[in-house]
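Please model the complete structure; the sequences and the hints are all you need to start from.
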Amino acid sequence: DAKTTQPNSMESNEEEPVHLPCNHSTISGTDYIHWYRQLPSQGPEYVIHGLTSNVNNRMASLAIAEDRKSSTLILHRATLRDAAVYYCILRALNTGGFKTIFGAGTRLFVKA
Amino acid sequence: EAGVAQSPRYKIIEKRQSVAFWCNPISGHATLYWYQQILGQGPKLLIQFQNNGVVDDSQLPKDRFSAERLKGVDSTLKIQPAKLEDSAVYLCASSPRQGLYNEQFFGPGTRLTVL
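Chains Z and S are the protein sequences, given in the same order. To convert, note that position 33 of the first sequence is 33 in the working numbering; the numbers rise steadily by one, no gaps. Each number in the working numbering corresponds to the 1-based position in the second sequence with 1000 added.
Calculated from the structure, these hints are not laboratory results. Built from N, CA and C at the ideal position, the CB exists for glycine as well. Some hints could be false.
[Said to hold, decoys possible] If you only want the chain S side, here are some residues facing chain Z, beta carbon under 10 Å, derived:
(1) Gly1040
(2) Lys1044
(3) Leu1045
(4) Ala1093
(5) Gly1107
[As the list claims (entries may be wrong)] Stretches of chain Z that chain S covers, calculated by requiring three or more beta carbons in the stretch to come under 8 Å of a beta carbon on chain S:
(6) 21-33
(7) 38-50
(8) 100-108
As structure tokens, this is what we get:
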């Protein structure tokens, strides 16, 4: 199963952009890249997903490398409410069905 | 729109006891997932249902865990008997359908402590 690698933690100042990296060197051609975040004592929350092209939504942007072996979640202006664990996930289709594989995630600290 | 509901929110049991968790997905969502999240780790998928059929239960410890989704709506996850290492948050999620691009909506989880 394809896996993702993320830094354990990152720190950002409030109102500044944040770039959260993810490596997925064993990604397959049909695997989708998803990002979720988890605030304390809550279930994960969807942020964004993509396949090959960069994607933007109201929460964030997703930049996908040309070879798809890495991606970066971009929060344009971090706020204190963005402090959470961010998970980079691959969703893959294999013989066992649709696979959703979470890594350990990156804990984002936001300083006021 | 109501979100994914789970109960109970917290449960404390002793090892070798049994426990059951309940999940009510978002109305109309065909796909339902159960995850186990051990402290400090990302969620691990235990089982995925499409309507009332099992799509993937490859990581479900079937000697002690069972899950069902009768009528393709609510679902229950049971552990019998519980072990200390089962202490975790059990998350239920749902999505409108299967698909690699579909968003999953998570419930708040049930925190299980096994003593």
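Which earlier hints can't be squared with this structure? none
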